[in-house]
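What follows is each chain in one-letter form.
There are 2 protein chains.
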Amino acid sequence: MATNHTKYAILGVLTIGCRTGYSIKQMIDGSLNHFWKISYGQIYPTLKKLVEEGLASVKEQTQEDKPDKKEYSLTSDGEKALRDWLAEPLESVPKEKNELLLKLFFSRHQSLSTTLHLLEQYKKQLKEVYATYESIEYMIRDNNPEDVDAKYWLFTLDYGKRTTVAALDWCEDTIEAIQEEE
Amino acid sequence: MATNHTKYAILGVLTIGCRTGYSIKQMIDGSLNHFWKISYGQIYPTLKKLVEEGLASVKEQTQEDKPDKKEYSLTSDGEKALRDWLAEPLESVPKEKNELLLKLFFSRHQSLSTTLHLLEQYKKQLKEVYATYESIEYMIRDNNPEDVDAKYWLFTLDYGKRTTVAALDWCEDTIEAIQEEE
DNA sequence: CAAAACATGTAATGAGTTACATGATTTC
DNA sequence: GAAATCATGTAACTCATTACATGTTTTG
Numbered sequence: 561m562a563t564n565h566t567k568y569a570i571l572g573v574l575t576i577g578c579r580t581g582y583s584i585k586q587m588i589d590g591s592l593n594h595f596w597k598i599s600y601g602q603i604y605p606t607l608k609k610l611v612e613e614g615l616a617s618v619k620e621q622t623q624e625d626k627p628d629k630k631e632y633s634l635t636s637d638g639e640k641a642l643r644d645w646l647a648e649p650l651e652s653v654p655k656e657k658n659e660l661l662l663k664l665f666f667s668r669h670q671s672l673s674t675t676l677h678l679l680e681q682y683k684k685q686l687k688e689v690y691a692t693y694e695s696i697e698y699m700i701r702d703n704n705p706e707d708v709d710a711k712y713w714l715f716t717l718d719y720g721k722r723t724t725v726a727a728l729d730w731c732e733d734t735i736e737a738i739q740e741e742e
Numbered sequence: 561m562a563t564n565h566t567k568y569a570i571l572g573v574l575t576i577g578c579r580t581g582y583s584i585k586q587m588i589d590g591s592l593n594h595f596w597k598i599s600y601g602q603i604y605p606t607l608k609k610l611v612e613e614g615l616a617s618v619k620e621q622t623q624e625d626k627p628d629k630k631e632y633s634l635t636s637d638g639e640k641a642l643r644d645w646l647a648e649p650l651e652s653v654p655k656e657k658n659e660l661l662l663k664l665f666f667s668r669h670q671s672l673s674t675t676l677h678l679l680e681q682y683k684k685q686l687k688e689v690y691a692t693y694e695s696i697e698y699m700i701r702d703n704n705p706e707d708v709d710a711k712y713w714l715f716t717l718d719y720g721k722r723t724t725v726a727a728l729d730w731c732e733d734t735i736e737a738i739q740e741e742e
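These protein sequence lines are chains A and D, in that order. Here the first sequence is numbered in our numbering, starting from 561 and rising by one per residue. Here the second sequence is numbered in our numbering, starting from 561 and rising by one per residue.
Be aware that a few hints might be false.
Which copy is meant is left open, because identical chains are indistinguishable; a pair holds if it fits in one copy or across any two.
[To be verified] Restricting the straight-line Cα-Cα distance to at most 25 Å, the calculated cross-link-like pairs of lysine-lysine (PhoX-like) are:
| no. | residue 1 | residue 2 |
| --- | --- | --- |
| 1 | K640 | K608 |
| 2 | K608 | K657 |
| 3 | K608 | K684 |
| 4 | K609 | K640 |
| 5 | K597 | K683 |
| 6 | K657 | K609 |
| 7 | K655 | K597 |
| 8 | K657 | K721 |
| 9 | K657 | K711 |
| 10 | K721 | K655 |
| 11 | K619 | K567 |
| 12 | K684 | K711 |
| 13 | K626 | K721 |
| 14 | K687 | K721 |
| 15 | K629 | K597 |
| 16 | K609 | K687 |
| 17 | K655 | K684 |
| 18 | K657 | K640 |
| 19 | K567 | K657 |
| 20 | K657 | K687 |
| 21 | K608 | K619 |
These are calculated hints, taken from the structure and not from any lab test.
Please put together the full structure from these sequences, using the hints given.
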């Protein structure tokens, strides 16, 4: 059975200085976006549930320069829940659905030029993805040079970069292979 | 807005000799499993809808050696729908959620040895994934040596193998980096 | 005779996205 | 004064999984 990791993603982000629903969303969209995503429709209900379960606590903060906000922090139970989840064995490797590969699989029904166009499109998208990884990397290196977390954050980015480069290489080789038939 | 590709996956598989819900499931689980998955809860309702939309037709087949079955085939409208979808531009690159990376991101809260164990687990899983890719590859090469489809099928497998190798390399390097700190 | 393979379907549930709804404050 | 940023939340909807429900035929 698949456990719901969204809860733990929020628990984790609460440990790195993001205390409001709004800043949790920002953090995940910014620095975890290559392997996680989340919507407000998940964040606010989960935050509420976390408090009900005793894993987090809230304090309503009145701000003079900005709208009021609710500040969440982990309780000791919450910290324990996070650590327990971290030590749990992994479920199976995620099998992402990939539209490009689905289309390529059925590309006999298409002209070679349309297939090449598809691959060029994908290559362009991958290059953009790679560029965003690099910009996140610079951001992390600049903002958290001595942060104990940063080391792990850079590992996850390295993963994204390496698999993206492998996909890019494949793209180029596949384009070449198809061009030879034309 | 995200289009529902499941419909086209079924349309596509109907072109390669899988004509029943059961065999569609088998084909996707077997040969498309590295980039697509599907359940009977999607297949049978979709097949029904395809017929309603005039993209496929059914014939009830009585079999003497096996249970009765419904044989589906694409109509010319169905073939057109498939080709139109193939020529449509790609949506954005899929961002898979990755439990290993989520855990690694928050691994400051864990001992180095537990983190190493996590990475070793993942490495083992990746090796298994790679092995299944290889076995699918041999199956395709053996069963469809002259098939016009097979060329594209092997491209998609190559993608899976290359990105898996990149992930494996990353795993090893990251394990090494963490071991140096111990 | 039991298990595996063949075959089709529905209902309940879960996870997540998107649209909707509101409002303060700051910056241009 | 408009747009951007900060801030919180709900309701409807979509997509997909899982459990349920049933039945035949073959193979060991």
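Now the hints, each set against the structure:
Taking CA atoms no more than 25 Å apart as the test, K640 paired with K608 passes inside one copy only; the shortest distance there is 18 Å, against 49 Å between copies. Proximity of K608 and K657 under a CA criterion of 25 Å is satisfied inter-copy only: 23 Å between copies versus 31 Å inside one chain copy. When the C-alpha separation of K608 and K684 is checked against a cutoff of 25 Å, the pair qualifies neither within a copy, at 41 Å, nor between copies, at 37 Å. In this assembly of identical chains, the alpha carbons of K609 and K640 lie at most 25 Å apart only when taken from the same copy (16 Å versus 48 Å across copies).
In the homo-oligomer, the alpha carbons of K597 and K683 lie at most 25 Å apart both inside one protomer (23 Å) and across protomers (24 Å), since each shortest distance falls under that limit. Only between protomers do K657 and K609 lie at most 25 Å apart by alpha-carbon distance; the minimum there is 22 Å, versus 30 Å within a single protomer. Proximity of K655 to K597 under the C-alpha cut-off of 25 Å is found in both arrangements, the shortest distances being 16 Å within a copy and 8 Å between copies. For a Cα distance limit of 25 Å, the shortest separation of K657 from K721 qualifies both inside one copy, at 19 Å, and across copies, at 15 Å.
When the C-alpha separation of K657 and K711 is checked against a cutoff of 25 Å, the pair qualifies only between copies, where the shortest distance is 20 Å, while the shortest distance within a copy is 30 Å. For the homomeric pair K721 and K655, the shortest alpha-carbon distances inside one copy (18 Å) and between copies (13 Å) are both at most 25 Å. In the homo-oligomer, the alpha carbons of K619 and K567 lie at most 25 Å apart inside one protomer (20 Å), although the nearest pairing across protomers, at 47 Å, exceeds that limit. With identical chains, the CA atoms of K684 and K711 are at most 25 Å apart between copies only, with a shortest distance of 23 Å across copies and 29 Å within one.
For the homomeric pair K626 and K721, neither the shortest alpha-carbon distance inside one copy (37 Å) nor that between copies (50 Å) is at most 25 Å. When the C-alpha separation of K687 and K721 is checked against a cutoff of 25 Å, the pair qualifies both within a copy, at 10 Å, and between copies, at 20 Å. For the homomeric pair K629 and K597, the shortest alpha-carbon distance inside one copy (22 Å) is at most 25 Å, but the shortest distance between copies (41 Å) is not. When the C-alpha separation of K609 and K687 is checked against a cutoff of 25 Å, the pair qualifies neither within a copy, at 39 Å, nor between copies, at 38 Å.
In this assembly of identical chains, K655 and K684 lie within 25 Å of each other by CA distance both inside one copy and across copies; the values are 23 Å within and 16 Å between. For the homomeric pair K657 and K640, the shortest alpha-carbon distance between copies (23 Å) is at most 25 Å, but the shortest distance inside one copy (33 Å) is not. In this assembly of identical chains, the alpha carbons of K567 and K657 lie at most 25 Å apart whether taken from the same copy (23 Å) or from different copies (14 Å). Taking the shortest alpha-carbon separations for K657 and K687, both the intra-copy value of 19 Å and the inter-copy value of 20 Å come in at or below 25 Å.
Taking CA atoms no more than 25 Å apart as the test, K608 paired with K619 passes inside one copy only; the shortest distance there is 12 Å, against 52 Å between copies.
Going down the numbered hints, you'll see the structure goes against 3, 13, 16, while the others check out.
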